[in-house]
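Please build the complex by placing chain B on the supplied structure of chain A, with the hints as guidance.
2 protein chains.
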Amino acid sequence: MSKLRLQISMSLDGYTSGPDQSVKEPLGVGGERLHQWVVALRVWRTAHGQAGGEDNESSRVLEAEIANTGATIMGRHMFGGHPGGWDAEKPWRGWWGANPPFHHPVFVLTHHERAPLAMEGGTTFHFITNGIESALEQARRAAGGKDIALAGGANICQQYLNAGLVDEMEIHQVPVLLGGGERLFERVTELHGLELVETIATPNVTHFKFLKR
Amino acid sequence: MSKLRLQISMSLDGYTSGPDQSVKEPLGVGGERLHQWVVALRVWRTAHGQAGGEDNESSRVLEAEIANTGATIMGRHMFGGHPGGWDAEKPWRGWWGANPPFHHPVFVLTHHERAPLAMEGGTTFHFITNGIESALEQARRAAGGKDIALAGGANICQQYLNAGLVDEMEIHQVPVLLGGGERLFERVTELHGLELVETIATPNVTHFKFLKR
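Chains as they are written, first to last, in the working numbering: chain A, 110 to 322; chain B, 110 to 322.
Treat each hint with caution, since some may be false.
Remember, identical chains collapse to one label, so a pair may be satisfied in a single copy or spanning two.
[Unchecked claim] In silico SDA-like pairs for lysine to any residue, Cα to Cα no more than 25 angstroms straight-line:
(1) 318 to 117
(2) 318 to 166
(3) 112 to 264
(4) 321 to 310
(5) 321 to 111
(6) 133 to 117
(7) 318 to 141
(8) 318 to 284
(9) 318 to 147
(10) 112 to 276
(11) 199 to 138
(12) 321 to 145
(13) 255 to 267
(14) 112 to 131
(15) 321 to 285
(16) 133 to 298
(17) 321 to 138
(18) 318 to 142
(19) 321 to 141
Simulated from the structure, these hints should not be mistaken for laboratory data. Please read all numbers here as calculations on a predicted model, not as lab measurements.
Same shape as in the complex, but just chain A (with noise of 0.2 angstroms):
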């Protein structure tokens, strides 16, 4: 059965974002130095349409990752935008420009309902109102059999985490500190059968995997 993968930046003081988070700074104060590890890489650069970049022990991590998804789901905040109900006259399309990196279909877990939203390169935005449960059968059912990323942020991996639907949760701990945001960890107080199974150490981030027991 395909797999509910949690894959996300985390600082040593256990944030995913920094403090002050604005449609301005959607990462919060700092929050962009959870991700140069990432933007760095000639995968993710690629990926995201731009040329050049580097090819280090963290390319082959990004590679497992990208590798084998079918699906993806994130949160409202993530989504980004306005918060509230969408804009009717110009509604939000996402921080990806017209050709998001996902080139499949990604559930956008929020409270206002939303027509699917249809981007070029095979990314659609289904936007989920009825729950996590419900985000995760969709999800799978558009996987086909392929495993599905959870994305972030914070709230939405600690809905997961604590309803023990997780089953590979994959932190990039990277080796700053943010002092105040959101935190990963935040109202979790259990793995749910969690192992850590492999550390991938490098001077910028340290990949951690978790596998289901």
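Relative to chain A, chain B alone:
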């Protein structure tokens, strides 16, 4: 010059002790899980007068911690016992028995004055009531050119980190959640030049070493 080396075990969710600390459970509920990696080691057991134990990748990390250490600084909470002033009848003498494993001067930060307490094996506890800088100065003098270990708990580590006085930070991160307790980096928003220089990954613990650049 001798270095101040912070050395502490931390959970994946950032705690150095579990929730609901008490005299019966000084590390809080589940807090002993932070130290399972170290109490299993032969080098730890030998230092604590116990036979047996394992030799693995963590052994050389612990050996390097112990080597070249001439004094230790800790908080009153880590020294332990009853809260408040010292019991005049039967003052607390630490958790470690008649022959503590330090074998050098230990400086305990406290609000309550007390005469030095000499134990067997070369450990003398000095009780410091005039703050972290005084404790560091006295520890540095006592260490005779060797390094000073900053052993915890979290509150004392935060004070030294925020004062920019930590020269080396060794975090032993254990892949478990404690879900509550004392967070190492609470109220710490920057590393004051400490940078990750080495990561040693084992199945049970990840050893991070940060050095001041």
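State the violated hints by number, sorted upward, taking the hints as numbered earlier in the document. 11, 14
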